[in-house]
Amino acid sequence: MNPISDDAFFVPSSVRAAVSIRNATEDSRIAETVIERMVASEPMVAAALLRLANSAAYRRAEPADSVSQAIMMLGMGEVRAVASQIAMLQLVRGIRGRAARMVAESLLLHSISISLFAEELARASPDLDRGRVGTLGLFHEMPTFHLLAGSNQNPDQFATLEAIDAVAKSRRLRSHEMLMQDLGLPSLAVPRIDEMALVDRAHAYVTHPNPLSMHPDEAGDRSGISPERIVMLQAGAEAAYVTLVEGPIPHEVSEAAAESGPVPIAYAPGDQIEAESDDPRPPPRKGLLHRLQSLLVDIFTGD
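Per my numbering, the very first residue in the sequence shown carries number -17; after that it's consecutive.
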């Protein structure tokens, strides 16, 4: 097997910005107003959040017409998930070859599906962080995305699906650990064995497999999740994918970005950051998946 270059993965600035937003939502020292400004300064993240807040799963009588309203409606958990998904989407859109791009888009839907099923399986393990398990599921195919990104330097080797399959079988992929370091996600570089076991098990439930290779657990035991819930979870993954990649950028995003001013895109321990107020943050609202499940239950039961 020929190894892929051991050089650090080139990460576009738009991806790093989305990752910085994702990391900021996990840092209790970062004020919510700072996160709002960070989101407003990144049109892709802001647009996805506004589309999500105004989707059928969340839409109220009055639409969310600002980033702050969208964040208040969705909660920081959804902001973290959307920022992670936008980082992945930006990587996909950076792939220029037609065949490689098609594979990457299919792989993105697969990754979102694995993320939701892995997070669902983590419900049975109280000692695990469900959000972290879901994020590991979302990024679990990063070595393959890195492979596909190589099509920009060697387009002839990735001109057809058959050629891509041959490349995937002949090259040793860059490790997940190194890629997480490259992306600025060192906390995800070395996951626990029990966390990755759930990511592996999630492959038994998805209807959108990895287009390049079959995972050993795709034919595995599916008894851990009820058939009805499997349908709902897959519908949630597909809805999240559509919300992520489709629709125009709302007009409010450009206005919010213009008004947001400069924001700290990257920060490190010891940096001076805006202190959070003593008032507790309002509890986050239930996420998109929960609301989609409720909608589907209403449809199936006729209530």
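Hints should not be assumed to be uniformly reliable.
Claimed, not checked - Once the Cα atoms are required to be at most 25 Å apart in a straight line, the calculated SDA-like pairs of lysine to any residue come out as: (1) Lys151 to Ser107; (2) Lys151 to Arg183; (3) Lys151 to Ala217; (4) Lys151 to Arg80; (5) Lys151 to Asn136; (6) Lys151 to Gly206; (7) Lys151 to Asp199; (8) Lys151 to Gly76; (9) Lys151 to Pro193; (10) Lys151 to Met178; (11) Lys151 to Arg204; (12) Lys151 to Met54; (13) Lys151 to Asp138; (14) Lys151 to Ser208; (15) Lys151 to Gln139; (16) Lys151 to His190; (17) Lys151 to Ala141; (18) Lys151 to Met162; (19) Lys151 to Ala106; (20) Lys151 to Gly132; (21) Lys151 to Met84; (22) Lys151 to Phe(-8); (23) Lys151 to Ser169; (24) Lys151 to His197; (25) Lys151 to Asp182; (26) Lys151 to Asp164; (27) Lys151 to Pro198; (28) Lys151 to Asn134; (29) Lys151 to Ala201; (30) Lys151 to Ile207; (31) Lys151 to Met196; (32) Lys151 to Ser205.
Said to hold, decoys possible - Restraint ranges, calculated between C-beta atoms of paired labels, are given here: (33) Ser88 to Ser157: 34 to 42 Å; (34) Val224 to Asp47: 15 to 23 Å; (35) Ser88 to Gly202: 30 to 38 Å; (36) Glu8 to Leu143: 34 to 42 Å; (37) Pro168 to Thr189: 44 to 52 Å; (38) Glu159 to Asp199: 20 to 28 Å; (39) Ser10 to Glu159: 22 to 30 Å; (40) Pro(-6) to Ser88: 17 to 25 Å.
Simulated from the structure, these hints should not be mistaken for lab results.
Using N, Cα and C, we set each Cβ at its ideal position, and we do this for glycine too.
Hints and how they fare:
Taking the CA atoms of Lys151 and Ser107, the gap is about 35 Å. The hint is violated against a cut of 25 Å. Straight-line distance between C-alpha atoms of Lys151 and Arg183 comes to about 23 Å, which keeps the hinted pair within the 25 Å bound. For a cut-off of 25 Å, the pair hint linking Lys151 to Ala217 is broken: about 31 Å separates their Cα positions. Using a Cα cut-off of 25 Å, the hinted pair Lys151 and Arg80 holds, with the two alpha carbons roughly 20 Å apart.
Between the alpha carbons of Lys151 and Asn136 the distance comes to roughly 16 Å, so the proposed pair stays at or under 25 Å and holds. For the suggested pair Lys151 and Gly206, the alpha carbons sit about 32 Å apart, so the restraint of at most 25 Å is broken. Annotation: proposed proximity of Lys151 to Asp199 holds, straight-line Cα distance about 19 Å (limit 25 Å). Between Lys151 and Gly76, the direct Cα distance comes to roughly 23 Å. Compliance with the 25 Å bound is thereby established for this hinted pair.
For the hint pairing Lys151 with Pro193, the CA-to-CA distance comes to about 13 Å; that is within 25 Å, so the pair holds. Under the criterion of a C-alpha separation no larger than 25 Å, the hint pairing Lys151 with Met178 is consistent with the structure, at around 23 Å. Between the alpha carbons of Lys151 and Arg204 the distance comes to roughly 28 Å, so the proposed pair goes past 25 Å and is violated. The straight-line distance between the Cα atoms of Lys151 and Met54 is roughly 46 Å, outside the 25 Å bound, and the hint therefore fails.
Between the alpha carbons of Lys151 and Asp138 the distance comes to roughly 16 Å, so the proposed pair stays at or under 25 Å and holds. Under the criterion of a C-alpha separation no larger than 25 Å, the hint pairing Lys151 with Ser208 is inconsistent with the structure, at around 35 Å. A threshold of 25 Å between alpha carbons decides the hint, and for Lys151 with Gln139 the separation of about 13 Å falls inside it, so the pair holds. Taking the CA atoms of Lys151 and His190, the gap is about 20 Å. The hint holds against a cut of 25 Å.
Taken as a hint, the Lys151 and Ala141 pair is honoured in the structure, with Cα atoms around 16 Å apart against an allowance of 25 Å. The suggested pairing of Lys151 with Met162 holds, with an alpha-carbon distance near 22 Å, which does not exceed 25 Å. The suggested pairing of Lys151 with Ala106 is violated, with an alpha-carbon distance near 35 Å, which exceeds 25 Å. For the hint linking Lys151 to Gly132, the alpha-carbon distance of about 14 Å falls within 25 Å, and the restraint holds.
A C-alpha spacing of about 18 Å is found between Lys151 and Met84, which places the hinted pair at or below 25 Å, so the restraint holds. This hinted pair checks out: Lys151 and Phe(-8) have alpha carbons roughly 23 Å apart, not beyond 25 Å. For the proposed pair Lys151 and Ser169, the alpha carbon gap of about 29 Å is over 25 Å, so the pair is violated. With a CA separation close to 14 Å, the supplied pair Lys151 and His197 stays within the 25 Å bound.
Proposed proximity of Lys151 and Asp182 is supported: the alpha carbons are some 20 Å apart, at most 25 Å. Our distance criterion of 25 Å between C-alpha atoms is met by Lys151 and Asp164, whose separation comes to about 24 Å. At roughly 16 Å between alpha-carbon atoms, Lys151 and Pro198 fall within 25 Å of each other, so this suggested pair holds. For the hint pairing Lys151 with Asn134, the CA-to-CA distance comes to about 19 Å; that is within 25 Å, so the pair holds.
Simply put, Lys151 and Ala201 have alpha-carbon atoms about 21 Å apart, close enough for the 25 Å limit, and the pair holds. With a C-alpha separation of about 33 Å, the suggested pairing of Lys151 with Ile207 is violated against the 25 Å cut-off. Under the criterion of a C-alpha separation no larger than 25 Å, the hint pairing Lys151 with Met196 is consistent with the structure, at around 12 Å. A threshold of 25 Å between alpha carbons decides the hint, and for Lys151 with Ser205 the separation of about 32 Å lies outside it, so the pair is violated.
In this structure, Ser88 and Ser157 break the distance hint of 34 to 42 Å, their C-beta atoms being roughly 23 Å apart. Val224 and Asp47 have their C-beta atoms about 21 Å apart, which keeps the hinted 15 to 23 Å range intact. Between Ser88 and Gly202 the beta carbon distance is about 21 Å. The supplied range of 30 to 38 Å is therefore violated. In this structure the supplied range 34 to 42 Å holds for Glu8 paired with Leu143, their Cβ-Cβ distance being about 38 Å.
Look at Pro168 against Thr189: about 33 Å separates their beta carbons, and that is not inside 44 to 52 Å. At about 21 Å, the CB distance of Glu159 to Asp199 agrees with the hint of 20 to 28 Å. Here the CB-CB span from Ser10 to Glu159 is close to 26 Å, well matched to the stated 22 to 30 Å. Hint check: Pro(-6) to Ser88, Cβ distance near 21 Å, so the stated range 17 to 25 Å holds.
The structure fails hints 1, 3, 6, 11, 12, 14, 19, 23, 30, 32, 33, 35, 37 (numbered hints given earlier, in ascending order).
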